[in-house]
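K.L.:
Going down the list, the sequences are from chains A and B. Numbering of the first sequence is given in this note's numbering, commencing with residue 1 and proceeding in unit increments. Numbering of the second sequence is given in this note's numbering, commencing with residue 647 and proceeding in unit increments.
Just to be clear, a hint being listed does not mean it is correct.
[Unchecked claim] Only part of the chain A face toward chain B is listed, based on derived beta-carbon distances under 10 Å:
id, residue
1, F454
2, K455
3, S613
4, T621
5, G622
6, Y623
7, I624
8, H626
9, A628
10, L629
11, V632
[Unchecked claim] Pairs of lysine-lysine residues, derived as DSS-like cross-links and limited to a Cα-Cα distance of at most 30 Å, are as follows:
id, chain 1, residue 1, chain 2, residue 2
12, A, K617, A, K373
13, B, K734, A, K611
14, A, K618, B, K734
15, A, K566, A, K590
16, A, K28, B, K673
17, A, K617, B, K673
[Claimed, not checked] From chain A, some residues computed to sit far from chain B (all C-beta separations above 10 Å):
id, residue
18, K161
19, Q199
20, Q379
21, P399
22, N554
23, Q620
24, Y625
Calculated from the structure, these hints are not laboratory results. Where is the CB? At the ideal position from N, CA and C, for every residue including glycine.
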Amino acid sequence: MYELSLIALITPLVGGLLAGLIGSKVNKSFTHWITTLGIFISFSISCWILVEVFLNPSLFLNQNIYEWMSIAGFNFKAGILIDHLTVSMMAVVTFISLMVHIYSIGYMHDDPGYHRFFCYISLFTFAMLLLVMSNNLLQLFFGWEGVGLMSYLLIGFWYKKESAIQANFKAFIVNRVGDMGLLLGIAVIFSIIGSLDYQTIFNSSTELVKAKISITNGYSVSAITLACLLLFFGAMGKSAQMPLHVWLPDSMEGPTPISALIHAATMVTAGVYMVARMSPLFELSSVALSVVLIVGATTALCAGLLGIVMCDIKRIIAYSTISQLGYMMVAAGVSAYSASVFHLMTHAFFKSLLFLAAGSVIIALHHEQDIRKMGGLKQYMPITYLAALIGSLSLIGFPGFAGFFSKDALIEAVAHSSTVGSEFAYYCVLIGVFVTALYTFRFLFMVFHGQTRFKGGEQIKESSWVILIPLILLSIPSILIAWPTFGVLVFGDFFSDSIRQISSYELFGFEYQSPLSFLIHSFSGPVIYLSVIGIFAAWVGYIKKPELPYKISNQFTTIHRVLVNKFYFDHFYENVIAKNTAKLGSAFWKFGDIKIIDDFLVNGTAIRIQKLSTITKKMQTGYIYHYALMMVIGLSLLLAWVIIKS
Amino acid sequence: MLALQSYLTLAAIVFAIGVMGIIINRKNIIILLMCTELLLLAVNFNFIAFSYFNQDITGQIFVFFILTVAAAEAAIGLAILVVLYRNKDSIDVQELQTLRE
């Protein structure tokens, strides 16, 4: 299994490098065949390992590949850890990546950067696999930065577009803020335990609990709380939690397959994955858990509210992604890591499905992204419509769909939790359910139903098969994935070898029997009714009485303005933080760089030497007798010195 | 019989005249050459005086060598001087300032 998992890790790298280095010299079909083949091999191996794991649950692999560095008695190794969490993530990542590869063959067909694109997404998949398969924090950090870099390159894929360049810059900087937290968190753990290996860290986590780290004189915090909070800060950056979410909506400047793969299904879930992976540590700090819970709940609600007022088809789904990531964090905050990871997986399927469906619409309308200029597309693009409908139903948690099981389990866990802040979180996620249904169906109704609001309707036709096949393949797990896996993954002890959590009865408050009984049980809760009300509200507002939303927004202008301006986060960052940082930088530049380095050190030295030499050059008269005189004087002085000394 | 001091004093005076000639002279490069000869002669004086008073013949032999070398040097110096004159049309020390650049 070790060799196989190594192959699964390496093939996307090889495919990506081949496509990038020699792809443009061969041809397009070579590029997409080699990369898709690489991902396909990786996907097959992941599935094989997954099946093996299901058949033999004690399967576990923790092996170092090689020693990367050895300094002062500390060893840093690169290694592979295959447990149930890793193998599930591998299967999801490679599956979505495979779908996106196939989809991109159609979507990027006429793009001049075809080879570059395939190279990047394959390398991204490699970095993501490296992240999830790592057995130590250092390699996790490497993968973390790798996916960040690929995300940067892909957001700015159309590098001649001004807005894309600004968006990728923004994403990179905001992620850097989060990464600093992650790095500091790793440093705290390393400074106390002296190792970055997961196993070692978890085995000696009591040391972290005992240790105190003093922040100022006389004030100290427990190392475990500090470490968990810093790690979570890193997760906030990568998983776009408020207030570090600002980069994700802007990252929609990249090509749509990228939005599906990186900014919805895989990379942004890295933060959730990391929190789940570090669950043995988070479990030891109730403060950190409460922070995770509250940040997640706030994000889940606020990002959902923003989704209602957005008009760009991709931005709606982007805010939805942020909101769903908030849900995952909420689940982690109430210690329901299995529900969190399960929601991560179902979300990966239905959100990439939604994004790819949106991409299909965008390309059919020749890169039109404003939903106010769409409408009535149902009759032109039936398969895309069906895919979007399945994705939407799954997203809002319609009974029976994959998203329903994961979201409902998660909300049950919040309801039965006693973590500080869980009441607040409970109301946030409940309102969030309504809001999710509202904005999802607003998007669906405005794009596919109602009147057509675009020109040249008769030319609109369904996308090609290479685009539709991934949609169909993603629709299947979006509906069905939960039925066979739900009980084992969420309520069973499938993740018990990698995630530490209390028994499912304590967590969810009821005895689980089968998916069907869970479905029936959920009718006694408010979640289903809330989402139905949300659909109804969307139907009233966007089909029955289209003038109603305008009336409401005119009635509540202040709230509407706050929402349209995205809670003024961007304003704040731009006008306060960015501007003051720029001022500070320019002050340093003017004083430190120009005054000290340029004027004093560099040019100053030159000027002083010049002045000195104008004085000394007067000694060089050129007259022989002057030199002779100097010689005599020098000789006399030397003689005098010798005589006096003796 | 004069004492050693007298010879050394004479030599020192001749040497000083030579040095002064080199330093103070602003006119003629030939005088420079002559002054150099004076310096050598002053040294020769010392050699002979010490040779005589120490009863050691080596010093006097040395003087012969120095005289020979001085003659050769004077010949070369004069040759250079002739070439210099051809190039510059002058043997004025004040004008020989090219070392400055």
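K.L.:
Each hint: holds or not?
P.N.:
These are the hints, each one checked on the structure:
| no. | hint | verdict |
| --- | --- | --- |
| 1 | F454 | violated, 82 Å |
| 2 | K455 | violated, 82 Å |
| 3 | S613 | violated, 14 Å |
| 4 | T621 | holds, 6 Å |
| 5 | G622 | holds, 3 Å |
| 6 | Y623 | holds, 7 Å |
| 7 | I624 | holds, 7 Å |
| 8 | H626 | holds, 8 Å |
| 9 | A628 | holds, 5 Å |
| 10 | L629 | holds, 5 Å |
| 11 | V632 | holds, 6 Å |
| 12 | A:K617 with A:K373 | violated, 80 Å |
| 13 | B:K734 with A:K611 | violated, 34 Å |
| 14 | A:K618 with B:K734 | holds, 25 Å |
| 15 | A:K566 with A:K590 | violated, 35 Å |
| 16 | A:K28 with B:K673 | violated, 90 Å |
| 17 | A:K617 with B:K673 | holds, 24 Å |
| 18 | K161 | holds, 61 Å |
| 19 | Q199 | holds, 77 Å |
| 20 | Q379 | holds, 93 Å |
| 21 | P399 | holds, 99 Å |
| 22 | N554 | holds, 87 Å |
| 23 | Q620 | violated, 6 Å |
| 24 | Y625 | violated, 5 Å |
Hints 1, 2, 3, 12, 13, 15, 16, 23 and 24 from the earlier list are contradicted by this structure; the remaining hints agree with it.
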